[in-house]
Amino acid sequence: MEADLDMKIRKVDDIPVVDLAGDVDAYTCLKLREAIVDLVNEGESRVVIGMSNVNYIDSSGLGTLVGGLRRVSEKNGGLAISGATPQIKKVMSITGLNKVFRVFEDEVKAVRSLKP
Amino acid sequence: MASKRKVTKQVEVESRLFAKASASDDEWEPEDLNMFRFLRRVLNHIDLAYVATYPPQECGIATFTRDLSTAISKYTPFSNPFVIAVGEGADIEQFPKIVKFQITKSDPQSYVRAAEMVNNSAVRGVSLQHEYGIFGGLDGEYVLKFVEKLERPSVVTLHTVLFNPGPNQKRIVQELGRMCDALVVMVKMGKEMLVNNYGVPANKVAIIPHGVPNVHRVSAATIKKTLGISDRPVVSSFGLINRGKGIEYGIQAMPGILKKHPDAMYFVLGETHPGVRHNEGESYRKELLQIVADLGLEKNVRFNNRYLKLEELINYLCATDVYITPYLNRDQIVSGTLAYALGCGKAIVSTPYLYAEEVLSGGRGLLVDFRSPDQLSGAVNRILDDAVIREQMETKAYKYGRRAAWFNVAIDYLDLFHRLCPRPKVALGKDLKVSQAESRKGQSS
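If you're matching them up, the sequences are chains A and B in order.
So the first sequence is numbered by the numbering used here: it starts at 1 and just counts up by one.
So the second sequence is numbered by the numbering used here: it starts at 1 and just counts up by one.
Rather than coming from a laboratory, the hints here were simulated on the basis of the structure.
Any given hint could turn out to be false.
What the hints assert, rightly or not - Chain B regions said to be covered by chain A (calculated; three or more residues, Cβ under 8 Å):
(1) 38-44
(2) 242-249
To be verified - Partial pick of chain B residues on the chain A-facing surface, computed with a CB cut under 10 Å:
(3) S73
(4) T76
(5) N214
(6) L227
(7) R403
Virtual Cβ for every residue (Gly too), placed ideally from N, Cα, C.
Work out the full structure: start from the sequences and follow the hints.
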């Protein structure tokens, strides 16, 4: 199956930002999961997920984000979401995950939220 | 041991949210239960009841209900949904456990009891699937007995909206519009008809597309190899076969297609509709086989007379070059099979029934006249001959299909229910688990 999720990782103020483009669903979420696991294994405990180019997210994608949050929480870190589109915000709000994640439109604010 | 069972149960619930992402080392360990408890506290809960036919009943609405309830459950892992299945006297034990009650189609009192069961449960909202034929009474009017008695917000998904309804058919939809909190249709034309022809207030009608499976695009050539039909152009139709599908026109189009594509195959996928089989046996299928024989198409038309599992169906659709719906009923307002083909990103040729006319607009497919094999073969050849047109059509279809993926449709329905269903300030009625167990036991006789 074709994996319709592109991913790039860069750093902003020493915090890794995982830029996603495409759909985060049952087919593609493992790619994101592996990226977060790798970052945590490399010693990162604070991660921003850039979602401005994510079209859709399903329950598997949400599960991956929660799994990521669990991982960084174990390291006393945090996970923030930046650039959430109206569709992503709607999903977060309807599920109640907006009470679990720190969701920002602005990347700078997302990065700042993870600073001590 | 009790503690271990508790953890196992919690892992099961959690995995519904995490789906495939957590299949391995993401599973909750006892020390992670704080997170689990936190999620259980903060995630939104909404207990819904679904009233409709349900698998193993074989009909499009049963499949729709299963797919919708499953998709919604994935976003509401701590909720307790259940199904009230409408059928004719079958043993409730034939159904999966999510079915907690059965309405006996021909028994009007059964509809009242179902509503009372909902009223005495923790359910906050009801999703009712409407099609005249699945309910008892004249034109399925017994459904109104359920709605009249119901004391919970209800959302009715209309699978049929007739342009020229009979007086009783019109009355039933009008009453549903009056007593229920929202009506859902799958295309704009459905809303226009409800407002203009039935007098339903526009603010009560929502448009939510027919859901489609989450399928990622894959080249037809790859799948064709697995089906043993490498390099052959594939045309297909699927669904529960009945005369309204117009399959004979698809078969009659094949000689015109074979003139330009001698190896082309036409797959007719699916068994005869159980209702049709009950009324007239396999006479329609026999007529189709006779047309195949008369035209000498035995090597180019293949029937798969089975109720296909979703995976098989998706495989056939992915192997398809052109999907066709030569349906005959201009008024048809929804087609699950056409929706699925869009979800798989297929180039489509169809007759202009209402649903097809709308969803295939904007270059997502080609429309041909009803009962016109020549136009059908011409349109199929146009797509098979021109890779650019085909690719454009497939891309547009797939884009539409992504928006209509079940995981998006579930969010649309949940959005509607959250707006309609107030959060209870105190517990409603009896404990749901107790009432479900009691009702299941009571209905199995």
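Checked hints:
For a cut-off of 8 Å, the count of residues in the segment 38-44 of chain B with a CB near a CB of chain A stands at 5, and the three-residue condition holds. Figure legend: the segment 242-249 of chain B, annotated as covered by chain A; annotation inconsistent (0 residues with Cβ-Cβ distances under 8 Å, at least 3 required). Using the Cβ-Cβ criterion of 10 Å, the hint placing B:S73 at the interface with chain A is satisfied: the shortest such distance is roughly 9 Å. Checking B:T76 against chain A: minimum C-beta separation of about 8 Å stays under 10 Å; hint holds.
Hint status for B:N214: holds, given a least beta-carbon distance of 6 Å to chain A, under 10 Å. A least Cβ separation of about 17 Å between B:L227 and chain A goes past the 10 Å threshold, and the interface hint is therefore violated. Because the beta carbon of B:R403 sits about 8 Å from the nearest beta carbon in chain A, less than 10 Å, this interface hint is met.
Hint compliance for this structure: hints 2, 6 are broken, all remaining hints hold.
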